[in-house]
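Please work from the sequences and hints to get the whole structure.
Residue numbers (the working numbering), protein chains in the order written: chain A, -13 to 168; chain B, 47 to 198.
Keep in mind that the hints were calculated from the coordinates and are not lab data.
Note that the structure is a prediction, hence the values are computed from the model and not measured.
We put the beta carbon where it would ideally sit given N, CA and C, even for glycine.
Don't take every hint at face value.
What the hints assert, rightly or not - Quick list of in silico lysine to any residue cross-link-like pairs, SDA-like style, CA-CA up to 25 Å:
#1 A/Lys102 <-> B/Asp62
#2 B/Lys158 <-> A/Trp2
#3 B/Lys158 <-> B/Thr146
#4 A/Lys157 <-> B/Leu81
#5 B/Lys151 <-> A/Leu(-1)
#6 A/Lys68 <-> B/Lys158
#7 A/Lys131 <-> B/Lys151
#8 A/Lys134 <-> B/Asn159
#9 A/Lys134 <-> A/Ser93
#10 B/Lys160 <-> B/Lys174
#11 A/Lys131 <-> B/Asn111
#12 A/Lys67 <-> A/Asp20
#13 A/Lys133 <-> B/Pro83
#14 A/Lys131 <-> B/Leu81
#15 A/Lys134 <-> B/Asn161
#16 A/Lys67 <-> A/Thr(-12)
As the list claims (entries may be wrong) - These stretches of chain B come out as covered by chain A in the derived footprint (C-beta under 8 Å, 3 or more residues):
#17 80 to 94
#18 115 to 129
Unchecked claim - Here's a subset of chain B near chain A, in silico, CB distances under 8 Å, partners left out:
#19 Asp62
#20 Pro63
#21 Thr65
#22 Glu139
#23 Ala150
#24 Leu153
#25 Ile163
#26 Gly164
#27 Gly165
#28 Val168
#29 Pro172
#30 Asn179
#31 Ser182
#32 Ala185
#33 Phe190
#34 Thr197
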Amino acid sequence: MTKSNDELMMDTLYWWGIPTLFRCDHKLDPSECDIALVGVPHSTGNGTTERDQHLGPRAVRHVSAGLRRVHFDMQINPWEKKIIYDLGDVPLPEANNNEQCIEDITSFYKKISESKKSVVSIGGDHSITGGILQGLGSNNLSLTKGKKISLLHIDAHTDTFSQLDHFLGAKKSAAHWGSYFS
Amino acid sequence: MLLIGGLTLVDDGIVDPRTSMQIGMRGNPRALDWLQPSYDLGYNVVTMQEFQKRGIQDVIIKTLNKLGDNPIYITFDLDSLDTSVAPAVSNLEPSFTGFTMEEAKALIQSVKNKNVIGGDVVCLMPIKDSPNNITSMVAASIMFEIISVITY
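What follows is the structure in structure tokens.
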């Protein structure tokens, strides 16, 4: 479905309309999409700095419509080529309890993995990746037909901290996620 | 397999460290042996200094060889970018130069023909961002790259 030039112009105004991720439709059920986008507003897995990383998904939703563009280097239009939904945020009712949040994140992504969809997330501190991978790898890695997942991990830190078994009290922390599921 | 706090254990492992890459590590750490746990787990580590010495094409070739045909998950910590590119992140490493956007994009785009099952962008600190929200826009730009390699 090709959009009119007026629609295309409006779509990329960050201040216009409802601020979903990249102005994708907000739907809770991923079964009809190709790619799911998810916010993970979690910040109790780190704590070495100000605790505001849970504000990340909202901040990105605020600006991301402005980046709903075609990919010029790759010569593709992801928004037309794929059905992409914003599933909203992972519910984290015990936000100050890191271990419970990681379990909640795991449950959320387990459901996505059962629908066999690709998923791109915005955090959140880095502890979310442990929960996400636990979820995507659930049911004996059925999403990947039993194949273990390879990480392309781009970071200033290894996140395989082992000097302590916790990070300021968080067990499955932003500093540990790279080691506890390997 | 590693025990965390005596209770956290995942049967048989979800991630294969030997076919995984950790790229961009930098900064003066708390201890001289800070990379050792990653080596012990079997991760392939490319520090920022090694990246700069070897050049991006060489690192990409090694990355593609290691990742092979496995399902790939991209996890992107915004602190890997230079602090001037992404100032509002949680654990800044100002003493070493970080990635430019071009380098970060090239690393992500290198897996466009592979089986990328997902990815994430983490460690944005919105209350520290510039009034123009530049780090949020950078975070969205990295998300867009991951969405695009999955689409490709």
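Hint check:
As the CA atoms of A/Lys102 and B/Asp62 are separated by approximately 20 Å, the hinted pair is consistent with the 25 Å bound. Taking the CA atoms of B/Lys158 and A/Trp2, the gap is near 32 Å; set against the 25 Å cutoff, the hint is violated. Restraint check: the Cα-Cα separation between B/Lys158 and B/Thr146 comes to about 19 Å, which is no more than 25 Å; the hinted pair holds. A distance of roughly 20 Å separates the Cα atoms of A/Lys157 and B/Leu81; the hinted pair therefore holds under the 25 Å criterion.
Straight-line distance between C-alpha atoms of B/Lys151 and A/Leu(-1) comes to about 24 Å, which keeps the hinted pair within the 25 Å bound. At roughly 15 Å between alpha-carbon atoms, A/Lys68 and B/Lys158 fall within 25 Å of each other, so this suggested pair holds. Distance hint between A/Lys131 and B/Lys151 is unfulfilled; the C-alpha atoms sit about 29 Å from each other, more than 25 Å. Distance restraint check for A/Lys134 and B/Asn159: the Cα-Cα separation of roughly 19 Å lies within the 25 Å cut-off, and the hinted pair is therefore satisfied.
For the suggested pair A/Lys134 and A/Ser93, the alpha carbons sit about 19 Å apart, so the restraint of at most 25 Å is met. Of the supplied pair hints, the one linking B/Lys160 and B/Lys174 is violated, its CA atoms being roughly 35 Å apart against a limit of 25 Å. Between A/Lys131 and B/Asn111 the CA atoms are separated by roughly 21 Å; this keeps the pair inside 25 Å, and the hint holds. The hinted pair formed by A/Lys67 and A/Asp20 meets the criterion: a straight-line CA distance of about 10 Å does not exceed 25 Å.
As the CA atoms of A/Lys133 and B/Pro83 are separated by approximately 24 Å, the hinted pair is consistent with the 25 Å bound. In summary, the hint linking A/Lys131 to B/Leu81 is not supported, as the alpha carbons are separated by about 32 Å, beyond the 25 Å threshold. For the proposed pair A/Lys134 and B/Asn161, the alpha carbon gap of about 12 Å is at most 25 Å, so the pair holds. Pair hint A/Lys67 plus A/Thr(-12) holds up; C-alpha atoms about 11 Å apart against a cutoff of 25 Å.
Residue count for the segment 80 to 94 of chain B with a Cβ under 8 Å from a Cβ of chain A: 9. That meets the three needed, and the coverage hint holds. Note: the segment 115 to 129 of chain B has 10 residues with beta-carbon separation from chain A under 8 Å; the three-residue rule is met and the coverage holds. Given the 8 Å rule on beta carbons, the hint for B/Asp62 holds: about 4 Å separates it from the nearest Cβ of chain A. At about 5 Å, the closest approach between the beta carbon of B/Pro63 and any beta carbon in chain A falls short of 8 Å, and the interface hint on this residue holds.
Among the interface hints, the one on B/Thr65 holds; its C-beta lies about 4 Å from the nearest C-beta in chain A, closer than the 8 Å criterion. Interface restraint check: B/Glu139 against chain A, minimum CB-CB distance 5 Å, threshold 8 Å, status holds. The criterion of a C-beta within 8 Å of any C-beta in chain A is met by B/Ala150, whose closest approach is roughly 7 Å, and the hint holds. A hinted interface residue such as B/Leu153 counts as satisfied when its beta carbon comes closer than 8 Å to some beta carbon of chain A; here the least separation is about 6 Å, so the hint holds.
Among the interface hints, the one on B/Ile163 holds; its C-beta lies about 6 Å from the nearest C-beta in chain A, closer than the 8 Å criterion. Against a cut-off of 8 Å between C-beta atoms, the interface hint on B/Gly164 holds, since the closest Cβ of chain A lies about 4 Å away. A least Cβ separation of about 5 Å between B/Gly165 and chain A falls short of the 8 Å threshold, and the interface hint therefore holds. Proximity of B/Val168 to chain A holds as hinted, the smallest CB-CB distance being about 4 Å (cut-off 8 Å).
Checking B/Pro172 against chain A by beta carbon gives a least distance of about 4 Å; that is within 8 Å, so the hint holds. The interface hint given for B/Asn179 holds, since its Cβ lies 5 Å from the closest Cβ of chain A, which is under the 8 Å cut-off. Interface hint at B/Ser182: satisfied, since its Cβ lies 4 Å from the closest Cβ of chain A, which is below the 8 Å cut-off. Residue-level restraint check for B/Ala185 holds (minimum Cβ-Cβ distance to chain A is 5 Å; threshold 8 Å).
Given the 8 Å rule on beta carbons, the hint for B/Phe190 holds: about 6 Å separates it from the nearest Cβ of chain A. Among the interface hints, the one on B/Thr197 holds; its C-beta lies about 4 Å from the nearest C-beta in chain A, closer than the 8 Å criterion.
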